[in-house]
Amino acid sequence: MPQSDCTPLLEVENLKVHFPVKEGVFARAKRFCKAVDDVSFSIKPGETLGLVGESGCGKSTLGKAICRLLQPTAGSIRFEGESIESLSKSQMRPFRRDLQIIFQDPAESLNARHTVGQILEEPFIIHKIGDAQERIRRVRALLDKVGLPQSSLEKYPFEFSGGQRQRIGIARAIALEPKLIVCDEPVSALDVSVQSQILNLLMDLQRDMGISYLFIAHDLSVVRVISDRVGVMYLGKFVELADGDELFANPMHEYTKALISAIPVPDPTVRKDRVVLRGDVPSPIDPPPGCAFARRSPIEVSEDVASQPGEYIEVSPGHWVEVHPATVANHERFLVRS
Amino acid sequence: MASNMDQGNPLLSVRDLVTAFDTDAGRVVAVDGVSFDVPAGKTLGIVGESGCGKSVTAMSIMRLLPQPAGNILSGQILYKGEDLATVSEERLRKIRGGEIGMIFQEPMTALNPVHRIGPQLMEAISLHEKLSSKELLQRAVDLLRLVGIPAPEVRVSEYPHQLSGGMRQRVVVAIALACNPSLVIADEPTTALDVTVQAQILELIKSMQDRLGMSVIMITHDLGVIAETCDEVVVMYAGRVAEKGPVRSIFENPQHLYTKGLLNSIPRVDSPRKEKLNTIEGTVPGLADMPVGARFAPRSPHPQIEEYLKSEAFRSEKPGLVQVGEGHWVEDCPYVRVS
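Listed in order, the protein sequences are those of chains A and B.
Count the first sequence with the working numbering and you get residues 1 to 338, in order.
Count the second sequence with the working numbering and you get residues 1 to 339, in order.
Don't read these hints as lab results, they were simulated from the structure.
For every residue, glycine included, the Cβ atom is placed at its ideal position computed from N, Cα and C.
Some hints here could point you the wrong way.
[Stated by the list, open to error] Derived DSSO-like pairs: lysine-lysine, alpha-carbon spacing no greater than 27 Å straight-line:
id	chain 1	residue 1	chain 2	residue 2
1	A	Lys272	B	Lys260
2	B	Lys42	B	Lys260
3	A	Lys272	B	Lys206
4	B	Lys274	A	Lys44
5	B	Lys274	B	Lys260
6	A	Lys145	B	Lys276
7	A	Lys272	B	Lys318
8	B	Lys206	A	Lys257
9	B	Lys274	A	Lys272
10	B	Lys276	A	Lys44
11	A	Lys64	B	Lys274
12	B	Lys274	A	Lys145
[Stated by the list, open to error] Covered stretches of chain B (in silico footprint by chain A; criterion: 3 or more residues with CB under 8 Å from a CB of chain A, positions within the stretch not fixed):
id	segment
13	159-170
14	210-219
15	242-253
16	258-271
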């Protein structure tokens, strides 16, 4: 199906993933952990959307829900215009070819008892593609594509270094020529010199195959390099979303500013002014009422104001921010209604 | 910024340290002739990738190597003139946690989960100072306040799991500071933490250093952390020192191709997007098949590198260090040096 530039490949609307918190073995859940709470965004064909946030902000849960590895509680996920949020396992199968995921530690997602050849052949067997000879030809082509030697075929995952294992994970993900890959912290466990090799590989594959990425990471510098647009999550919600250049040059939300200013700069001559946040991230179980960030923001507001919710609005073309007295300086300028 | 490396007496001086592990596959040398000085009141960074020997160096200084496999084969660790490599176990116990404090990566494993915060702090203090239990408790509360834990009177009777990751790391810092150490060894103290919390902990270590005047050895893989916290830096590669010197000199004028490659390959917030990153080709050689010559050579982008890899020198000569600037030393092999 040909895609024009304006049709999104993936559209997520008002997505919620809530986990019940059980107080006892037989008790019914009275409270919910709101891991992903009312999130909307889209990804265009060939685009990389970076997703950053600190541990527990819900970014990995969001990635898994999109791949339907977790059942969303509410909201919709449309892939090439078709709703997939409530499809059964067998109904999902045709979409699995187009929708793949890469994890942080490929050692855990690769079957330790299978050779690399077997691991990479499996997707073709499941989707009944080619005969044995054709499959092995495709597996060899995959190894070339991700920069692994042909001798890898007969080896087991444990015989490889972390960076090479991630190449195996990537080879498996691209085997069926998917349209979207959710990359969940794919380089976080790797050393810097290997990290840059994997990032380059992902960018090459995108250029050659037109794949879109949802790239989840906690490292803002990594996200900066690979993404077209960047979304910032805090406690289950998007607080800011914009073109990457725009977000790093002109961050508007106080949380985004704090994240960017916290990155240690590898240049001893640079002295930065840090935005220091008060306290810790609150629990997603019973989060504080109103604006979840207000009580930590450097812009101090009264409890009355903090308990009012913020508004997620498009402040300039393509730049979305959660606007609240505590999250954006001079917030009034955005709230003028006609 | 003048180098302190050869001025006055360093607080700690590591000389030609060699540390090895005895494994089923034979003896593996993890640290192969490492030397550096930690000036009093300053921060020395040790940076390198996994397996470069930076943590083994730290464990050797404290003689906390896993027994019986890990052993210091040769070299000296001179702390205020005393050689920690050979002092008695009894004397060492006085130094550990007393004059030298330690901060580890994962605060949950550094703290005992079944004991409250207070007693863990009090134990650390009581090992080195004779105080009544009331005084000990008071000291514990004061320490928690010092490291910025809100409501320390309440927190002192809580368990580690009741604190957030950042708060737990503050407790670990408090324990390291319990006996006014002259030196704190921090091994990847912020690697498990989120960026905003990392910034808080680094700030805390720095302000404690300003107030208490101790020296710090900061071990990390993150060049950003090095640039922000250190005065001097040692770049390690495959168990050896590739380059060492004042932090500005190393970042502005790296002389080893490995240091240069590392600095060029890190993504930065101001890097242009979707543009290819520089990489260092290949991977670190396995500990069992380390070359005698310059260990970075198989990955070196030097134009005549093939010549060196075939030479007798690569097979049999271990390069030393050569001075290239004030306090700035680099591995003495032209094939891995910036020309």
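Hints, verified against the model:
no.	hint	verdict
1	A/Lys272 / B/Lys260	24 Å, holds
2	B/Lys42 / B/Lys260	24 Å, holds
3	A/Lys272 / B/Lys206	15 Å, holds
4	B/Lys274 / A/Lys44	16 Å, holds
5	B/Lys274 / B/Lys260	22 Å, holds
6	A/Lys145 / B/Lys276	17 Å, holds
7	A/Lys272 / B/Lys318	41 Å, violated
8	B/Lys206 / A/Lys257	22 Å, holds
9	B/Lys274 / A/Lys272	26 Å, holds
10	B/Lys276 / A/Lys44	22 Å, holds
11	A/Lys64 / B/Lys274	25 Å, holds
12	B/Lys274 / A/Lys145	19 Å, holds
13	159-170	holds (count 4)
14	210-219	violated (count 0)
15	242-253	holds (count 4)
16	258-271	holds (count 10)
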